[in-house]
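J.: So the sequence lines, in the order shown, correspond to chains A and B. Quick note: the first sequence, position 201, residue 201 per full-length UniProt numbering, numbers continuous. Quick note: the second sequence, position 86, residue 86 per full-length UniProt numbering, numbers continuous.
Any given hint could turn out to be false.
[As the list claims (entries may be wrong)] Cut-off 25 Å, straight-line C-alpha distance, at most; resulting in silico cross-link-like pairs (SDA-like, lysine to any residue):
| # | chain 1 | residue 1 | chain 2 | residue 2 |
| --- | --- | --- | --- | --- |
| 1 | A | Lys-115 | B | Pro-248 |
| 2 | A | Lys-138 | A | Val-162 |
| 3 | B | Lys-166 | A | Lys-77 |
| 4 | A | Lys-19 | B | Gly-60 |
| 5 | A | Lys-5 | B | Glu-149 |
[Said to hold, decoys possible] Just some of the chain A residues that point at chain B, by a computed CB distance under 10 Å:
| # | residue |
| --- | --- |
| 6 | Asn-146 |
| 7 | Gly-153 |
| 8 | Phe-172 |
| 9 | Ala-176 |
| 10 | Ile-214 |
Simulated from the structure, these hints should not be mistaken for laboratory data. We put the beta carbon where it would ideally sit given N, CA and C, even for glycine.
Chain residues, written in single-letter form:
There are 2 protein chains.
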Amino acid sequence: MYLEKFDLDLRYGENSHEKAEVFGKPAFGILHEGKQLSYNNILDAEAAYVIANNLKKLKGYASVVVKHQTPCGASIKNDKIESILSAIAADEESSFGGILAVNFEFDEECAMAIKKKYLEVVVAESFTQKAIELLSKKKVRILKINDYEPKVGKPAFGAFLVGERKLPDLKFTHVAGPQLDVEELNELLFAFIVVEGVKSNAILISKDLTTVGIGTGQPSRKRAAWIATELAGEKAKNAYAASDAFFPFPDGLEILAKAGVKAVVSPMGSIRDEEVINAAEKMGLSFYKAEGRVFRH
Amino acid sequence: MYLEKFDLDLRYGENSHEKAEVFGKPAFGILHEGKQLSYNNILDAEAAYVIANNLKKLKGYASVVVKHQTPCGASIKNDKIESILSAIAADEESSFGGILAVNFEFDEECAMAIKKKYLEVVVAESFTQKAIELLSKKKVRILKINDYEPKVGKPAFGAFLVGERKLPDLKFTHVAGPQLDVEELNELLFAFIVVEGVKSNAILISKDLTTVGIGTGQPSRKRAAWIATELAGEKAKNAYAASDAFFPFPDGLEILAKAGVKAVVSPMGSIRDEEVINAAEKMGLSFYKAEGRVFRH
Numbered sequence: 001m002y003l004e005k006f007d008l009d010l011r012y013g014e015n016s017h018e019k020a021e022v023f024g025k026p027a028f029g030i031l032h033e034g035k036q037l038s039y040n041n042i043l044d045a046e047a048a049y050v051i052a053n054n055l056k057k058l059k060g061y062a063s064v065v066v067k068h069q070t071p072c073g074a075s076i077k078n079d080k081i082e083s084i085l086s087a088i089a090a091d092e093e094s095s096f097g098g099i100l101a102v103n104f105e106f107d108e109e110c111a112m113a114i115k116k117k118y119l120e121v122v123v124a125e126s127f128t129q130k131a132i133e134l135l136s137k138k139k140v141r142i143l144k145i146n147d148y149e150p151k152v153g154k155p156a157f158g159a160f161l162v163g164e165r166k167l168p169d170l171k172f173t174h175v176a177g178p179q180l181d182v183e184e185l186n187e188l189l190f191a192f193i194v195v196e197g198v199k200s201n202a203i204l205i206s207k208d209l210t211t212v213g214i215g216t217g218q219p220s221r222k223r224a225a226w227i228a229t230e231l232a233g234e235k236a237k238n239a240y241a242a243s244d245a246f247f248p249f250p251d252g253l254e255i256l257a258k259a260g261v262k263a264v265v266s267p268m269g270s271i272r273d274e275e276v277i278n279a280a281e282k283m284g285l286s287f288y289k290a291e292g293r294v295f296r297h
Numbered sequence: 001m002y003l004e005k006f007d008l009d010l011r012y013g014e015n016s017h018e019k020a021e022v023f024g025k026p027a028f029g030i031l032h033e034g035k036q037l038s039y040n041n042i043l044d045a046e047a048a049y050v051i052a053n054n055l056k057k058l059k060g061y062a063s064v065v066v067k068h069q070t071p072c073g074a075s076i077k078n079d080k081i082e083s084i085l086s087a088i089a090a091d092e093e094s095s096f097g098g099i100l101a102v103n104f105e106f107d108e109e110c111a112m113a114i115k116k117k118y119l120e121v122v123v124a125e126s127f128t129q130k131a132i133e134l135l136s137k138k139k140v141r142i143l144k145i146n147d148y149e150p151k152v153g154k155p156a157f158g159a160f161l162v163g164e165r166k167l168p169d170l171k172f173t174h175v176a177g178p179q180l181d182v183e184e185l186n187e188l189l190f191a192f193i194v195v196e197g198v199k200s201n202a203i204l205i206s207k208d209l210t211t212v213g214i215g216t217g218q219p220s221r222k223r224a225a226w227i228a229t230e231l232a233g234e235k236a237k238n239a240y241a242a243s244d245a246f247f248p249f250p251d252g253l254e255i256l257a258k259a260g261v262k263a264v265v266s267p268m269g270s271i272r273d274e275e276v277i278n279a280a281e282k283m284g285l286s287f288y289k290a291e292g293r294v295f296r297h
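Kindly generate the complete structure, drawing on both the sequences and the hints.
T.: Right, here's the structure in full:
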């Protein structure tokens with residue numbers, strides 16, 4: 001694996017006392033830089049873009065806001081502006097200073113809509129000239145993304161680990177509780193595609209194709225469920241949830257059901273799968289099996 | 001940057017439907033593999049080892065348990081066994097199936113001490129022959145680490161970002177509240193060295209050189225403080241806390257003080273630093289400034 005140093009100076013590394021460099025040729029064009037891009041800006045942009053791009057599998061316009069390489073809000077709407085504002089509003093507090101990626105052409109109206117929002121970078125595959133002018137004035141950095149294949153990886157013990165990054169087959173199998181109709185399954189699909197980009201252990205709750213509570217980066221699934229439901233509050237009622245891996249015990253599922261969540265999709269593979277499925281059946285929770293685990297660290 | 005493919009087959013990538021490879025020469029020897037090492041095992045091992053190694057800056061034996069590339073427990077004791085058991089007990093639930101790194105020679109007594117604990121990998125710079133035999137029987141994988149320079153980095157948009165990973169100067173400046181004595185400052189130092197390895201936004205609470213509550217992977221600092229204090233419960237009383245970056249508002253600090261935390265160290269740099277410092281003074285919280293931010297994603 002030979003990677004040439006790419007000619008892009010980063011403001012600094014993960015922290016200001018650390019340096020960082022880019023190797024290889026990144027699939028983006030910097031349409032406006034303003035303040036120099038940082039190491040974290042680019043990684044946040046990638047985290048947001050991959051989810052927005054994956055959401056092309058569903059109908060509608062998708063927007064994703066990222067903070068610290070994990071989404072804090074994502075939404076699909078039939079209107080571009082609604083999609084952007086809904087993704088930001090999903091967690092207004094965390095969106096402040098975040099990075100926005102959309103899977104549609106970012107136009108003048110979009111730029112006007114975020115005029116009063118503080119976002120560090122906007123990421124899309126296409127921008128209109130008017131949008132570029134407006135964003136540049138606001139000092140928002142603009143990244144235009146070309147086609148590429150996402151990877152995962154990290155340095156470890158002086159070497160590099162590099163892995164594939166892909167969604168498993170998006171086929172959900174009914175395992176317990178009431179069956180969902182096509183529209184409801186679409187909600188579950190949305191939750192699962194977004195949770196693929198949330199740091200593990202991850203539990204994501206969504207409603208109206210918008211995230212309402214994201215439990216991220218936890219060492220236990222129960223704890224991720226606790227955070228997601230606490231953040232969702234009343235919005236968890238009749239909502240949809242996705243887990244990035246199996247429930248090792250029924251406890252996480254019970255937290256979701258108690259908060260009022262209606263349907264859950266999760267990969268299987270726990271030695272207690274049967275116990276977990278029985279718990280879902282007993283609680284009247286619609287429970288679906290995903291074809292694979294989607295950890296992201 | 002030329003990295004040759006290293007001859008080590010990984011069980012699979014971040015998830016079982018994904019492949020992964022190692023490039024370059026990792027600074028570890030696999031003393032016992034048993035079940036093939038996975039991509040996640042190695043990254044968890046690195047996450048644990050770097051913290052344990054950094055803790056050599058303090059006196060005593062240090063142990064760190066990692067789950068999902070973030071510590072769930074860390075402890076320094078004057079006795080090896082106490083150090084290991086204390087790190088595991090710091091979050092017994094999350095330690096299950098975790099990875100243990102220690103910064104001392106792992107001997108027979110250490111191996112006996114974890115006989116009934118389920119740990120996937122044990123990481124150290126040195127193991128006695130007896131310890132290797134005992135761990136091998138238990139099917140624990142054993143990684144022996146040689147000297148190397150840790151890095152951070154990730155693939156992004158088809159390229160690779162690579163950065164330095166280092167602690168800032170470990171000089172804490174008193175900014176508010178009662179001053180701490182040498183022993184207390186050592187507690188704060190412990191919290192800060194461990195929080196360097198916790199995923200951002202991170203707040204870590206410790207007591208008796210052992211973590212009691214870790215708020216990790218959050219998009220807001222207030223939320224990280226909330227999680228850390230909820231997990232610490234009563235143990236937050238008279239405890240020490242470290243934040244991996246500045247408090248943008250006094251709210252996170254207020255959550256810590258309300259839970260009974262005695263002293264906090266945090267990098268500065270918020271436009272509201274003065275407001276945050278005044279809040280600490282008002283609450284009688286010992287507040288110290290660290291020389292730099294220690295985000296890890």
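J.: Please flag the earlier hints that this structure goes against, numbers listed from lowest up.
T.: 2, 3, 4, 8 and 9
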